[in-house]
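Engineer: So the protein sequences, as listed, match chains A and B.
Per full-length UniProt numbering, residue 1 is the first one in the first sequence, and the count goes up by one each step.
Per full-length UniProt numbering, residue 1 is the first one in the second sequence, and the count goes up by one each step.
What the hints contain is simulated information worked out from the structure, not anything from laboratory work.
Bear in mind the structure is a predicted one, so any value in this text is a computation, not a measurement.
Careful: at least some of the hints might be erroneous.
Identical copies go unnamed one by one, so any copy, or any two together, can satisfy a pair.
[What the hints assert, rightly or not] In silico DSS-like cross-links for lysine-lysine, where the CA-CA straight-line distance does not exceed 27 Å:
#, residue 1, residue 2
1, LYS8, LYS19
2, LYS148, LYS113
3, LYS34, LYS148
Number of protein chains: 2
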Amino acid sequence: MDTQTLYKRLAQHYLHAIKSGALGAGDRMPSVRKLMALHEVSLSTALQLCRHLETQGWLEARPRSGYFVRHPKRVQLVPVAEPASGTPIDPAQYVGIHERVSAIIAQGQRPVKVNLARATGAPDLYPETELRNLAIRILRNKPNLLTKAIAPGGNKELKNALAKRALDYGISAAPDEVIVTYGCIEALNLALRAVAQAGDVIAVESPTFYGLLQVLESLGMKALEIPTSPHTGISIEALELAMQTYDNIKAVVVVPHLQNPLGSIMPDAHKQRLVALCEQQHLPLIEDDSYGALVNDDLPPTAAKHWDTTGNVIYCASLHKILAPGLRVGWMLAGRWHARINMLKYAQTRYNEELSQLVVAEFLQSSAYDRHLRRLRATLSLQRERTAEAIAAYFPPGTRLSVPNGGVSIWVEMPNQLSSKEVFEAALEQGILVSPGLLYSNSNRFNHFLRLNCGMHFTTELDDALRSLGNIIQSLVQQQRSAAA
Amino acid sequence: MDTQTLYKRLAQHYLHAIKSGALGAGDRMPSVRKLMALHEVSLSTALQLCRHLETQGWLEARPRSGYFVRHPKRVQLVPVAEPASGTPIDPAQYVGIHERVSAIIAQGQRPVKVNLARATGAPDLYPETELRNLAIRILRNKPNLLTKAIAPGGNKELKNALAKRALDYGISAAPDEVIVTYGCIEALNLALRAVAQAGDVIAVESPTFYGLLQVLESLGMKALEIPTSPHTGISIEALELAMQTYDNIKAVVVVPHLQNPLGSIMPDAHKQRLVALCEQQHLPLIEDDSYGALVNDDLPPTAAKHWDTTGNVIYCASLHKILAPGLRVGWMLAGRWHARINMLKYAQTRYNEELSQLVVAEFLQSSAYDRHLRRLRATLSLQRERTAEAIAAYFPPGTRLSVPNGGVSIWVEMPNQLSSKEVFEAALEQGILVSPGLLYSNSNRFNHFLRLNCGMHFTTELDDALRSLGNIIQSLVQQQRSAAA
Chain A
1 MDTQTLYKRL
11 AQHYLHAIKS
21 GALGAGDRMP
31 SVRKLMALHE
41 VSLSTALQLC
51 RHLETQGWLE
61 ARPRSGYFVR
71 HPKRVQLVPV
81 AEPASGTPID
91 PAQYVGIHER
101 VSAIIAQGQR
111 PVKVNLARAT
121 GAPDLYPETE
131 LRNLAIRILR
141 NKPNLLTKAI
151 APGGNKELKN
161 ALAKRALDYG
171 ISAAPDEVIV
181 TYGCIEALNL
191 ALRAVAQAGD
201 VIAVESPTFY
211 GLLQVLESLG
221 MKALEIPTSP
231 HTGISIEALE
241 LAMQTYDNIK
251 AVVVVPHLQN
261 PLGSIMPDAH
271 KQRLVALCEQ
281 QHLPLIEDDS
291 YGALVNDDLP
301 PTAAKHWDTT
311 GNVIYCASLH
321 KILAPGLRVG
331 WMLAGRWHAR
341 INMLKYAQTR
351 YNEELSQLVV
361 AEFLQSSAYD
371 RHLRRLRATL
381 SLQRERTAEA
391 IAAYFPPGTR
401 LSVPNGGVSI
411 WVEMPNQLSS
421 KEVFEAALEQ
431 GILVSPGLLY
441 SNSNRFNHFL
451 RLNCGMHFTT
461 ELDDALRSLG
471 NIIQSLVQQQ
481 RSAAA
Chain B
1 MDTQTLYKRL
11 AQHYLHAIKS
21 GALGAGDRMP
31 SVRKLMALHE
41 VSLSTALQLC
51 RHLETQGWLE
61 ARPRSGYFVR
71 HPKRVQLVPV
81 AEPASGTPID
91 PAQYVGIHER
101 VSAIIAQGQR
111 PVKVNLARAT
121 GAPDLYPETE
131 LRNLAIRILR
141 NKPNLLTKAI
151 APGGNKELKN
161 ALAKRALDYG
171 ISAAPDEVIV
181 TYGCIEALNL
191 ALRAVAQAGD
201 VIAVESPTFY
211 GLLQVLESLG
221 MKALEIPTSP
231 HTGISIEALE
241 LAMQTYDNIK
251 AVVVVPHLQN
261 PLGSIMPDAH
271 KQRLVALCEQ
281 QHLPLIEDDS
291 YGALVNDDLP
301 PTAAKHWDTT
311 GNVIYCASLH
321 KILAPGLRVG
331 WMLAGRWHAR
341 INMLKYAQTR
351 YNEELSQLVV
361 AEFLQSSAYD
371 RHLRRLRATL
381 SLQRERTAEA
391 IAAYFPPGTR
401 LSVPNGGVSI
411 WVEMPNQLSS
421 KEVFEAALEQ
431 GILVSPGLLY
441 SNSNRFNHFL
451 RLNCGMHFTT
461 ELDDALRSLG
471 NIIQSLVQQQ
481 RSAAA
């Protein structure tokens with residue numbers, strides 16, 4: 001057995017001891033010397049073992065005392081509140097989000113020390129070497145990949161691979177039903193253009209990600225923001241009420257799994273009800289499932305599309321957040337709008353370039369994809385916990401947050417209706433980029449929220465950044481109190 | 001000097017002799033034996049020399065007699081007619097081209113022997129090896145290219161390279177003004193969405209390429225088809241008249257260089273007048289310059305954008321037809337719509353993937369790009385001539401065509417108002433794919449035209465295909481006459 005495998009096997013052994021409680025929080029790990037004797041391994045292997053468990057967050061090193069099982073801070077998280085029931089829904093309105101978003105993006109373009117605004121994991125959480133080697137091999141083996149005009153119809157290998165993977169989410173689709181797009185954002189554009197036009201009303205979750213609001217704004221459509229639970233997703237009662245109140249809704253867009261920014265996951269019964277409701281009201285349901293594969297369960301979540309029997313659900317997804325953030329490979333199943341969306345895609349950007357598609361197709365077909373997802377989910381799970389603990393420890397009282405069961409973001413409610421724009425600006429001064437809540441609604445309802453990334457390795461630098469952010473919020477709260485006094 | 005260089009140097013020598021008339025059409029080349037003695041070269045070099053000049057179209061081999069300087073057929077080409085002046089312009093209408101186009105594309109998806117429908121050159125006319133090696137080197141050297149989220153703002157190297165290259169076309173633009181898109185087609189979409197909306201009227205050339213008509217259809221815009229000369233491009237008089245007649249035109253779209261399908265090139269004075277007219281009428285001018293680099297002159301053509309002093313011209317182009325048909329790298333200079341188009345691009349497909357951009361950027365920065373373009377233009381020039389000669393020789397009397405001064409297509413008018421759909425179907429039966437004229441207008445005005453590719457090597461197979469096509473047209477003409485009799 002080589003050293004590589006050996007220390008990992010030992011790590012498994014101690015991880016089991018920690019998880020079973022045999023080694024409790026705060027307990028001392030056997031010393032490096034003792035590990036060497038116990039397992040008859042070299043100094044280097046014993047050290048590798050401890051460092052590995054340390055970077056995974058299970059141990060912490062204390063100067064001159066050795067390694068200890070990390071003490072989960074067990075701070076009490078106060079979850080973000082459910083939307084108050086019976087709150088009247090704002091009238092549908094044209095979206096005017098772009099100016100905010102581009103101002104924030106422009107400000108955030110300066111170099112920062114810690115970027116908590118992104119919605120992907122650290123690059124090394126993705127299979128860089130494998131993807132790169134695949135790309136090089138494909139470039140070597142496929143003649144004229146860059147110089148031959150792209151054949152009509154799109155890449156068959158990728159469509160096959162995606163149709164097969166869709167089965168995991170309870171979707172049975174023929175490869176020919178797959179339309180490959182430039183990211184999920186193009187899929188959403190095409191879906192909306194297929195079913196609605198400028199001036200039409202689209203029901204969306206509230207809060208929702210600014211990408212969707214920008215699409216609505218760019219298409220001249222109106223957003224009707226439906227209250228959404230941080231735990232179970234869009235309120236179906238509120239949506240039903242909205243449908244009774246407004247007769248000009250043309251589509252419903254939801255992110256059922258790890259909603260952005262809430263992190264909510266719709267229970268299966270809700271998804272099923274939602275599909276039935278939209279069908280019954282003759283309203284197309286657009287499902288954005290960009291994050292489904294990151295749900296931290298043994299079984300992948302079932303897509304709403306699973307319950308679609310009439311082609312009324314347009315399923316949109318992407319490999320961008322789960323496999324290769326540097327690639328823009330999205331895809332969709334357009335149900336009964338297939339022919340129209342196929343046409344719109346062709347007229348908008350033609351068929352995608354081949355190389356990225358072939359890379360993704362080959363990776364999806366291998367068992368490396370499942371291994372990658374398992375590893376990614378496990379790492380993210382730990383990072384979410386540590387980030388949440390740090391926030392709970394450093395942010396002032398009154399802060400509320402939930403740790404979602406998957407994904408790369410945490411949605412944090414700040415006390416005292418603090419303005420996320422002020423926090424954004426003060427944090428940026430210190431080289432910390434956050435994503436302010438005011439980007440997640442056409443209203444100002446979520447201005448006192450932040451979406452914080454938890455897809456990066458929990459380093460001292462990150463810990464420091466979260467502490468600084470906590471101090472910034474604390475001092476803004478105090479300023480506010482002094483001003484009010 | 002290695003063999004490779006030697007035979008090419010000798011080829012230059014004989015090419016000079018042919019071009020100067022020292023070796024006239026029909027003259028016998030010195031025999032291989034004589035070439036060996038004259039230049040003290042091996043048999044293999046002498047043969048390479050002759051074969052090289054043969055594939056370039058300067059020599060032809062006659063069985064048992066050796067190589068002869070090819071006799072240009074000097075058939076009389078009857079040019080496609082100018083649009084009759086004073087013809088009334090059809091009222092602006094919603095475009096209904098997609099069904100035709102997709103039916104034609106679907107039919108053409110079966111395997112064919114000779115594809116005369118495409119609008120690019122043969123893959124080996126593009127620098128495959130260099131592009132592939134570049135891609136592999138970039139993949140190796142740029143860490144996390146596929147796994148790191150794309151930084152906002154788009155790739156700076158490519159913007160720099162494109163801004164520098166734009167100088168060749170008389171355009172002075174800052175790198176930050178460049179917006180990189182997925183092909184020219186996305187640029188056209190964005191330009192039209194920025195300046196017009198569903199129901200608006202867009203003035204276009206007639207005939208024009210179906211890609212543009214599909215974009216208009218997908219955006220719900222109306223096309224106003226302006227008569228266009230096969231030699232000098234859009235009729236500025238007709239456009240001016242149209243502007244006086246219709247008050248709801250929202251933009252003008254032109255392809256000033258190697259218009260698709262006509263191959264026309266607007267004289268500089270026309271471009272200048274057009275820019276001034278649009279400016280004066282407050283109508284944005286959208287310039288599609290996808291083919292400019294293929295104009296067969298020593299100096300690159302000057303873009304209409306050159307005469308734009310107020311930001312009223314939106315310049316759109318692509319590397320797709322001129323450098324790498326397998327890549328979807330387009331770009332635009334959006335003039336005074338920059339901010340809006342930047343927003344639309346971000347909301348539609350985000351920033352482009354990095355790899356293709358880096359490959360193109362590095363290639364554009366090297367002298368290899370100029371060498372490639374020179375070689376491409378020279379090869380295409382010969383292929384156009386040979387294709388035109390074959391058409392003139394094989395197609396029935398009454399056929400009209402012009403050989404454009406650049407590009408990959410020839411626009412052919414068939415006699416007797418023959419239906420291009422019938423020709424398309426009969427040719428497909430014989431494994432020959434052509435692009436029927438009915439795709440190039442919302443009307444049926446160009447139904448008796450074909451657009452034929454001349455970007456492939458002139459092989460026996462191609463010669464045979466053109467002969468078969470001539471026979472098909474001939475027999476359809478005869479059928480028509482018999483039916484009429």
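Engineer: Could you run down the list of hints and mark each one as holding or not?
Structural biologist: Here is how each hint holds up against the structure:
In this assembly of identical chains, LYS8 and LYS19 lie within 27 Å of each other by CA distance solely inside one copy; the values are 16 Å within and 74 Å between copies. Within a single copy, LYS148 and LYS113 get their C-alpha atoms only as close as 43 Å, which misses the 27 Å cut-off; across copies the closest is 16 Å, which meets it. In this assembly of identical chains, LYS34 and LYS148 lie within 27 Å of each other by CA distance neither inside one copy nor across copies; the values are 62 Å within and 41 Å between.
Against the hints set out earlier in the document, a violation occurs for number 3 only.
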